[in-house]
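Protein chains: 2
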Amino acid sequence: MQATSVVHRHFLGGDAPTFSSLRPKPIPTTTTSFAIRMSLREDAPSLAVVGVTGAVGQEFLSVLSDRSFPYRSIKMLASKRSAGKKLTFEDNEYVVEELTADSFNGVNIALFSAGGSISKEFGPIAANCGSVVVDNSSAFRMDDGVPLVIPEVNPDAMSHIKLGSGKGALIANPNCSTIICLMAVTPLHQRSKVLRMVVSTYQAASGAGAAAMEELELQTREVLKGKKPTCKIFKQQYAFNLFSHNAPVLSNGYNEEEMKLVKETRKIWNDKDVKVTATCIRVPVMRAHAESVNLQFANPLDEDEAREILKKAPGVVVIDDRVVNNFPTPLEVSNKDDVAVGRIRRDVSQDGNYGLDIFICGDQIRKGAALNAVQIAEMLL
Amino acid sequence: MQATSVVHRHFLGGDAPTFSSLRPKPIPTTTTSFAIRMSLREDAPSLAVVGVTGAVGQEFLSVLSDRSFPYRSIKMLASKRSAGKKLTFEDNEYVVEELTADSFNGVNIALFSAGGSISKEFGPIAANCGSVVVDNSSAFRMDDGVPLVIPEVNPDAMSHIKLGSGKGALIANPNCSTIICLMAVTPLHQRSKVLRMVVSTYQAASGAGAAAMEELELQTREVLKGKKPTCKIFKQQYAFNLFSHNAPVLSNGYNEEEMKLVKETRKIWNDKDVKVTATCIRVPVMRAHAESVNLQFANPLDEDEAREILKKAPGVVVIDDRVVNNFPTPLEVSNKDDVAVGRIRRDVSQDGNYGLDIFICGDQIRKGAALNAVQIAEMLL
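Chains U and R, in that order, are what the protein sequence lines are.
Residue numbers for the first sequence follow my numbering, so the first one is 6 and each next one is one higher.
Residue numbers for the second sequence follow my numbering, so the first one is 6 and each next one is one higher.
Treat the hints as calculated values from the structure; they're not laboratory data.
Treat the hints loosely; a few may be bogus.
Same chains, same names: a pair is fine if it fits in one copy or spans any two.
[Unchecked claim] Pairs of lysine-lysine, DSS-like flavour, derived with a Cα cap of 30 Å:
{"id": "1", "residue 1": "K91", "residue 2": "K125"}
{"id": "2", "residue 1": "K240", "residue 2": "K317"}
{"id": "3", "residue 1": "K198", "residue 2": "K280"}
{"id": "4", "residue 1": "K125", "residue 2": "K80"}
{"id": "5", "residue 1": "K316", "residue 2": "K240"}
{"id": "6", "residue 1": "K230", "residue 2": "K240"}
{"id": "7", "residue 1": "K268", "residue 2": "K85"}
{"id": "8", "residue 1": "K232", "residue 2": "K167"}
{"id": "9", "residue 1": "K280", "residue 2": "K268"}
{"id": "10", "residue 1": "K240", "residue 2": "K85"}
{"id": "11", "residue 1": "K230", "residue 2": "K167"}
{"id": "12", "residue 1": "K317", "residue 2": "K268"}
{"id": "13", "residue 1": "K240", "residue 2": "K80"}
Being a predicted model, the structure only gives us computed values, none of them experimental.
Please construct the entire structure, taking both the sequences and the accompanying hints into account.
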């Protein structure tokens with residue numbers, strides 16, 4: 006069947022996002038002094054955001070606000086370097102505080118995105134203080150006893166963790182590529198078990214942080230002027246180029262980013278037998294990842310049924326118009342919550358309906374990081 | 006084994022190509038009158054270049070010159086629109102002539118790159134005039150009796166075609182993605198039969214012609230200034246974005262570019278059973294394609310042996326340094342003849358040594374089009 010279906014949910018339609026809107030929102034600074042928020046909800050949890058000045062940290066605040074996440078108080082935590090900066094959040098002004106071992110007293114939920122080493126040091130401290138930590142780093146993802154959660158996929162993995170029990174806990178946010186991939190693949194997997202998955206990624210600058218996004222922009226301006234590009238974050242030209250993901254390469258030849266897809270999929274699906282291989286590539290795109298995914302199923306699943314399943318899947322939008330060649334793009338999903346999937350077709354290299362090829366795009370900072378973490382926090386309420 | 010091998014053949018090392026060098030070379034124009042080349046070789050074939058003003062047409066001339074291709078005369082042919090333009094080639098001046106049915110009298114070898122409809126109309130006319138046509142379009146690729154040739158891969162397919170026999174012929178140049186893929190995969194296939202191949206491409210602007218390269222540059226300048234990007238060649242923003250290949254989508258859900266990889270591989274390998282699937286994506290890169298390729302073999306082939314095979318393969322360079330994360334990039338292969346391959350590793354999703362993942366980059370205009378065609382012409386000499 007010729008697929009002509011296009012589902013334009015709330016997030017689609019209208020012009021593409023402007024270039025400047027792709028950047029992490031700068032922290033609104035203020036010269037007025039610290040003020041207490043008048044609209045605090047006494048019955049709501051007290052929050053802390055660790056790494057609040059980073060790209061994901063800033064997106065944590067956007068998402069909390071967009072989703073009207075209730076809170077009694079919120080602590081803005083960062084490194085000593087950023088301490089003292091002032092920022093405005095929901096009409097209240099805050100001073101960024103230095104992250105220390107004492108930061109978590111009275112904190113119910115701590116959202117961490119300050120890199121693996123900060124999480125390793127301060128995550129357990131926060132949990133020992135009774136905070137439930139939702140950690141965006143890879144520090145604890147593969148640890149037994151730490152749930153690795155995509156709320157639409159495996160909410161039950163964290164059902165034993167309760168706020169207000171006085172007991173702290175660690176919950177890990179999966180890697181961005183894993184979240185975006187499994188948002189689209191899991192609904193199919195629930196219908197017909199996925200035996201093997203071959204993933205090739207097209208990853209945005211944002212995965213390497215705000216400075217990498219700035220470097221891509223700077224390099225592009227330089228290259229267009231015929232200048233040698235500035236290479237600080239990446240060791241090579243990124244503008245008008247692409248390269249194998251910059252994560253360290255392991256002894257099996259996979260880089261760490263690729264092995265996250267392999268291992269996290271097994272843990273999230275609680276399926277140690279699922280076969281996954283991945284090739285992760287950095288492309289000169291600002292903030293949304295794309296993934297080409299080839300699937301091998303245990304039982305037949307035809308493309309029409311797959312499309313119908315995906316249309317109904319929470320957090321997923323289908324963009325799959327073959328007639329006008331309209332499929333997901335990173336730009337279209339930028340700043341959006343939903344993961345977009347298209348190019349849904351029977352794999353001609355497999356027998357019958359045992360294989361599908363699909364193409365997925367998702368905002369790396371939002372569903373790939375901050376949104377997923379805030380959704381985890383919402384499940385605690 | 007930790008791979009630390011880096012083979013830097015002639016084409017590697019030194020600075021990355023400058024941005025301006027990535028563009029198709031503009032035709033050197035001249036105000037002096039048409040002149041006869043003094044160094045003509047009377048024993049050499051007379052050539053014609055059809056579509057000489059296009060990106061690939063210009064590259065035909067560069068490659069002919071770089072490789073000191075011998076010729077008695079050379080006709081510069083293009084559409085009526087370009088007829089009358091003057092250009093300099095190897096210190097001689099030429100006037101671009103309008104392509105007509107009379108263009109091929111006395112022409113021994115005609116290199117075509119003017120689109121499929123021009124090839125369909127004028128290819129058979131040229132062949133009937135006794136010319137051997139090397140056609141870069143898709144017009145005849147799948148026709149029985151028309152060899153589809155990558156000289157390093159299947160030279161024998163054209164061994165029955167002789168210059169000077171008085172009989173014309175058509176020879177097809179494969180699609181750029183197919184050439185780049187099979188340059189790296191065939192040497193492995195010759196050692197252990199490839200049963201199945203899953204390809205995801207990262208394709209440059211050049212595949213859509215010089216105007217697409219200009220549009221990518223223009224759009225990037227516009228987007229950086231906060232302007233709405235000009236979309237003429239592609240219907241959507243290309244700068245800092247990527248999208249499913251713009252080729253028409255067929256009823257099976259694959260686009261034509263993807264099906265070329267599927268069908269051309271079968272024909273070039275003369276193996277109707279090889280299973281291929283592909284997802285073709287356009288990325289904001291100027292002139293070299295990249296491909297993530299997952300391979301499934303009939304017999305075990307370990308990664309060390311694969312690497313050794315590829316190091317010895319003609320027209321292939323291995324860039325595979327895991328320690329310093331140095332792998333092929335489109336920028337590095339731009340303006341170069343060789344196809345680069347790296348990220349050579351055992352596929353962890355397959356048993357034993359029956360699978361490999363590799364990453365390939367090749368210049369789309371050069372080996373993906375003009376160089377391969379000129380190499381075919383060389384085999385006629």
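Hint by hint, here is what the structure shows:
1. K91 to K125: The answer is within: 27 Å in one copy meets 30 Å, while 68 Å across copies does not.
2. K240 to K317: The answer is between: 29 Å across copies meets 30 Å, while 43 Å in one copy does not.
3. K198 to K280: both (11 Å within a copy, 22 Å between copies)
4. K125 to K80: within (20 Å within a copy, 69 Å between copies)
5. K316 to K240: Between copies, since 25 Å is at most 30 Å while 41 Å is not.
6. K230 to K240: For K230 and K240, both the intra-copy (20 Å) and inter-copy (26 Å) Cα distances are at most 30 Å.
7. K268 to K85: Cα proximity of K268 and K85: none, with 34 Å in one copy and 59 Å across.
8. K232 to K167: neither (55 Å within a copy, 49 Å between copies)
9. K280 to K268: both (10 Å within a copy, 28 Å between copies)
10. K240 to K85: within (27 Å within a copy, 47 Å between copies)
11. K230 to K167: neither (56 Å within a copy, 49 Å between copies)
12. K317 to K268: Within. Shortest intra-copy distance 27 Å satisfies the 30 Å Cα cut-off; inter-copy 35 Å does not.
13. K240 to K80: Result: close neither inside a copy nor across copies, 36 Å intra and 46 Å inter.
When held up to the earlier numbered hints, the structure conflicts with 7, 8, 11, 13 and fits the remainder.
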